[in-house]
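Enquirer: Got chain A; can you put chain B on it based on the hints?
The listed protein sequences derive, respectively, from chains A and B.
The letter at position 129 of the first sequence is residue 129 when you use our numbering, and the numbering goes up by one with no holes.
The letter at position 289 of the second sequence is residue 289 when you use our numbering, and the numbering goes up by one with no holes.
Hint data in this document are derived by calculation from the structure and do not stem from the laboratory.
Take these hints with a grain of salt, some might be off.
Just so you know, same-sequence chains aren't split out, so a pair can sit in one copy or run between any two.
As the list claims (entries may be wrong) - Okay, derived cross-link-like pairs now, DSS-like style, lysine-lysine, Cα gap no bigger than 30 angstroms in a straight line: (1) K151 / K329; (2) K77 / K54; (3) K261 / K150; (4) K337 / K63; (5) K337 / K26; (6) K77 / K337; (7) K84 / K62; (8) K205 / K150; (9) K77 / K41; (10) K63 / K261; (11) K26 / K50; (12) K151 / K261; (13) K151 / K269; (14) K329 / K70; (15) K208 / K262; (16) K41 / K261; (17) K208 / K288; (18) K26 / K84; (19) K269 / K139; (20) K329 / K150; (21) K62 / K25; (22) K137 / K150.
Remember, it's a predicted structure, so these values are computed and weren't measured experimentally.
Protein chains: 2
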Amino acid sequence: MVYGIIFGSKSFEHEISIVSAIAMKKVLDRQPVYIFVDSQKQFYNIPAEKITSKLFSSGSYKKFDTLTIKHGGFFSKTMFGETKLEFDVVLNLIHGKDGEDGTVASLLEFFDIAYIGPRLEASAISYNKTLTKLYAKHKAVAVLEFESFKKDDDIVVDNYPVIIKPSCLGSSIGVSIVKNRNELQYAVDVAFEFDDEIIVEPFIKDIKELNIAGACIDGEFVFSIIEEPQKGEFLDFEKKYLDFSRTSQVSRADISDNLAKKVRDTFAKVYNNTFTGSIIRCDFFIYKEEIVLNEINSIPGSYANYLFDDFNQVIDGVARSLPQIIDIKIDYAYVNKIQQAKGK
Amino acid sequence: MVYGIIFGSKSFEHEISIVSAIAMKKVLDRQPVYIFVDSQKQFYNIPAEKITSKLFSSGSYKKFDTLTIKHGGFFSKTMFGETKLEFDVVLNLIHGKDGEDGTVASLLEFFDIAYIGPRLEASAISYNKTLTKLYAKHKAVAVLEFESFKKDDDIVVDNYPVIIKPSCLGSSIGVSIVKNRNELQYAVDVAFEFDDEIIVEPFIKDIKELNIAGACIDGEFVFSIIEEPQKGEFLDFEKKYLDFSRTSQVSRADISDNLAKKVRDTFAKVYNNTFTGSIIRCDFFIYKEEIVLNEINSIPGSYANYLFDDFNQVIDGVARSLPQIIDIKIDYAYVNKIQQAKGK
Chain A
1 MVYGIIFGSK
11 SFEHEISIVS
21 AIAMKKVLDR
31 QPVYIFVDSQ
41 KQFYNIPAEK
51 ITSKLFSSGS
61 YKKFDTLTIK
71 HGGFFSKTMF
81 GETKLEFDVV
91 LNLIHGKDGE
101 DGTVASLLEF
111 FDIAYIGPRL
121 EASAISYNKT
131 LTKLYAKHKA
141 VAVLEFESFK
151 KDDDIVVDNY
161 PVIIKPSCLG
171 SSIGVSIVKN
181 RNELQYAVDV
191 AFEFDDEIIV
201 EPFIKDIKEL
211 NIAGACIDGE
221 FVFSIIEEPQ
231 KGEFLDFEKK
241 YLDFSRTSQV
251 SRADISDNLA
261 KKVRDTFAKV
271 YNNTFTGSII
281 RCDFFIYKEE
291 IVLNEINSIP
301 GSYANYLFDD
311 FNQVIDGVAR
321 SLPQIIDIKI
331 DYAYVNKIQQ
341 AKGK
Chain B
1 MVYGIIFGSK
11 SFEHEISIVS
21 AIAMKKVLDR
31 QPVYIFVDSQ
41 KQFYNIPAEK
51 ITSKLFSSGS
61 YKKFDTLTIK
71 HGGFFSKTMF
81 GETKLEFDVV
91 LNLIHGKDGE
101 DGTVASLLEF
111 FDIAYIGPRL
121 EASAISYNKT
131 LTKLYAKHKA
141 VAVLEFESFK
151 KDDDIVVDNY
161 PVIIKPSCLG
171 SSIGVSIVKN
181 RNELQYAVDV
191 AFEFDDEIIV
201 EPFIKDIKEL
211 NIAGACIDGE
221 FVFSIIEEPQ
231 KGEFLDFEKK
241 YLDFSRTSQV
251 SRADISDNLA
261 KKVRDTFAKV
271 YNNTFTGSII
281 RCDFFIYKEE
291 IVLNEINSIP
301 GSYANYLFDD
311 FNQVIDGVAR
321 SLPQIIDIKI
331 DYAYVNKIQQ
341 AKGK
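Next comes chain A alone, as it looks inside the complex (with noise of 0.2 angstroms):
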């Protein structure tokens, strides 16, 4: 399978995206083929043997051929027309804004292009942490409570520490703990830079975090080994940023049988069908011995490969399995039925 990533666009995670596209060169089976988006819309086919992250940062990325999206897929212009770049499957590999928010997933669903990432519905509900928690609600997951503010709320916290979050961004940008009074208004300014919407949650130090990834291909579940994140307090965007281009196995979670699957069959209800068609990861806490869903990764840091043992064969199985969507005829049924009442 020939994967055609997509990457960049314009969002706070743009650098978190280029050093995730190039970390999956290391980890395909088969040379994939780079889509780069720039901050102004402009798709670029950027050689997979020329890809460095300087290469973006220079700006000399313009020098490559750009793309045109359109029908059934990305072409480039020749001395007598087009010709279409050739890839079976589009890798969705945009992080943040544009990537996890469905805009891009929207454009390849509306002009028909096979892609392996969140489709819009499941896009909107990973990115808006508040609709995360009243999905996973109704899915019977549990989360923990949280109250969710716009910018001209009164705010008004009970008890601290409180973790105060953007609603829509990953990656821990503008996220703050809050231990008293006199630090929640700067922290409520920081995460009001980045989104017009904030959650509060309450901060439990120490707690026992679990990470899981997987997708279904065919109606059976994959799951990668269960992993417990090392970190401080938590990871800051820095150490995140590295995170990204991990392409080495990690240690599995010392944790029982029993609790490893309690894990994976709380994925499988998070997953289910919503997510058909990506490989996502789940951020778990063990709280108070229940599984509590923190986080849905729609499009985790180069697709948590190191996770997986064998990740190409997860990839392929994925791609050979996207969801098909009901066809739609357009027939004219009704505006032929009016005609022929009117006469016409």
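Expert: Same frame as chain A, but now just chain B:
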């Protein structure tokens, strides 16, 4: 304000969208520009004076200029390059799939084209009836109890009659009232023809229905009149279809000022701030003396113009106060830092 009306696309409501778009010609103060999306996802610029429903059913729309979507707008080819289609703001008038699910909103958002219509997240919330209900509850707005089912689920109904709907369609397509167990399977099969998820709600006969449209313009709400739709058991597709071409005023519901105020307040709760940038219609029930949200029409038929006293003022107001997105600067700070650390 000159609007670029985008309509059509590959949806069960393709024809409804055409009717709705044609109706807008009578309603808008200034002649709009028309962008038709055919089922092949090709964009066409249709001259306003040539637009009739027959143009589309006959396929003769294909004689008009095709358009390409790119950063900043829609472009047509000319002898020496390309011309940008001139309009101020797009009016998203694609009903159902592609329009109300957020797909076309994403396209416009991605390519920085100003538009009236629900944003991506608002679309996901209003398009999927399960999400609508979760969202409404979170906003302290009542909804009818419901259950949602996927294709392989065991569907058990305890109390009849119920109403069965595909999760993600409007215009009564695939909706059935089921009076007893014998009718259940057929109705379920019909609904699943249109979607992979269905919802089951109690059907309450002679329930009072109240519709209201509105928008928030610069922090101030503008409401339409409140209409009590006249109906049989419920609007079937054909009736609703004709309804989409309405351009004349309807009569106000005969309700108390107090109830009218509560309806407006409930509308505002639903709208704020998720639906900024759009004109929506909320369909409420009055049930057990409570205002219950039935449905959010995020792109109502011909923008529910017939419910407003001065529709042009409303739409121009929305066009002038579209939501601004937070500007993101891509400065390659992290990539540069890493390169410095490596001594490059």
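Enquirer: Each hint should be assessed against the structure and marked as holding or not.
Expert: Going down the list of hints, with the structure as the test:
For the homomeric pair K151 and K329, the shortest alpha-carbon distance between copies (22 angstroms) is at most 30 angstroms, but the shortest distance inside one copy (44 angstroms) is not. Only within a single protomer do K77 and K54 lie at most 30 angstroms apart by alpha-carbon distance; the minimum there is 26 angstroms, versus 36 angstroms between protomers. Proximity of K261 and K150 under a CA criterion of 30 angstroms is satisfied inter-copy only: 24 angstroms between copies versus 38 angstroms inside one chain copy. Only between protomers do K337 and K63 lie at most 30 angstroms apart by alpha-carbon distance; the minimum there is 24 angstroms, versus 55 angstroms within a single protomer.
In this assembly of identical chains, the alpha carbons of K337 and K26 lie at most 30 angstroms apart only when taken from different copies (23 angstroms versus 59 angstroms within one copy). Within a single copy, K77 and K337 get their C-alpha atoms no closer than 44 angstroms, and across copies no closer than 36 angstroms, so neither meets the 30 angstroms cut-off. Taking the closest pair of Cα atoms, K84 and K62 come within 30 angstroms of each other both inside a single copy (19 angstroms) and across two copies (23 angstroms). For the identical chains of this complex, K205 and K150 are intra-copy neighbours only, at 27 angstroms inside a copy versus 38 angstroms across copies, given an alpha-carbon limit of 30 angstroms.
Taking CA atoms no more than 30 angstroms apart as the test, K77 paired with K41 passes in both settings, with 17 angstroms inside one copy and 20 angstroms between copies. For the identical chains of this complex, K63 and K261 are neighbours neither inside a copy (50 angstroms) nor across copies (60 angstroms), given an alpha-carbon limit of 30 angstroms. In this homomeric assembly, K26 and K50 come within 30 angstroms of each other (Cα to Cα) only inside a single copy, at 14 angstroms, whereas the closest approach across copies is 56 angstroms. Only between protomers do K151 and K261 lie at most 30 angstroms apart by alpha-carbon distance; the minimum there is 25 angstroms, versus 41 angstroms within a single protomer.
Taking identical chains as interchangeable, the C-alpha atoms of K151 and K269 lie at most 30 angstroms apart only when they sit on different chains, with a minimum of 15 angstroms there against 33 angstroms within one chain. Taking CA atoms no more than 30 angstroms apart as the test, K329 paired with K70 passes in both settings, with 21 angstroms inside one copy and 28 angstroms between copies. Taking CA atoms no more than 30 angstroms apart as the test, K208 paired with K262 passes inside one copy only; the shortest distance there is 15 angstroms, against 46 angstroms between copies. Taking CA atoms no more than 30 angstroms apart as the test, K41 paired with K261 passes in neither setting, with 43 angstroms inside one copy and 45 angstroms between copies.
For the identical chains of this complex, K208 and K288 are intra-copy neighbours only, at 10 angstroms inside a copy versus 46 angstroms across copies, given an alpha-carbon limit of 30 angstroms. In the homo-oligomer, the alpha carbons of K26 and K84 lie at most 30 angstroms apart inside one protomer (25 angstroms), although the nearest pairing across protomers, at 42 angstroms, exceeds that limit. In the homo-oligomer, the alpha carbons of K269 and K139 lie at most 30 angstroms apart both inside one protomer (6 angstroms) and across protomers (25 angstroms), since each shortest distance falls under that limit. Taking the closest pair of Cα atoms, K329 and K150 come within 30 angstroms of each other only across two copies (23 angstroms); inside a single copy the shortest separation is 42 angstroms, beyond that limit.
For the identical chains of this complex, K62 and K25 are intra-copy neighbours only, at 21 angstroms inside a copy versus 43 angstroms across copies, given an alpha-carbon limit of 30 angstroms. In the homo-oligomer, the alpha carbons of K137 and K150 lie at most 30 angstroms apart both inside one protomer (22 angstroms) and across protomers (17 angstroms), since each shortest distance falls under that limit.
Checked against the numbered hints given earlier, the structure breaks hints 6, 10 and 16 and satisfies all the rest.
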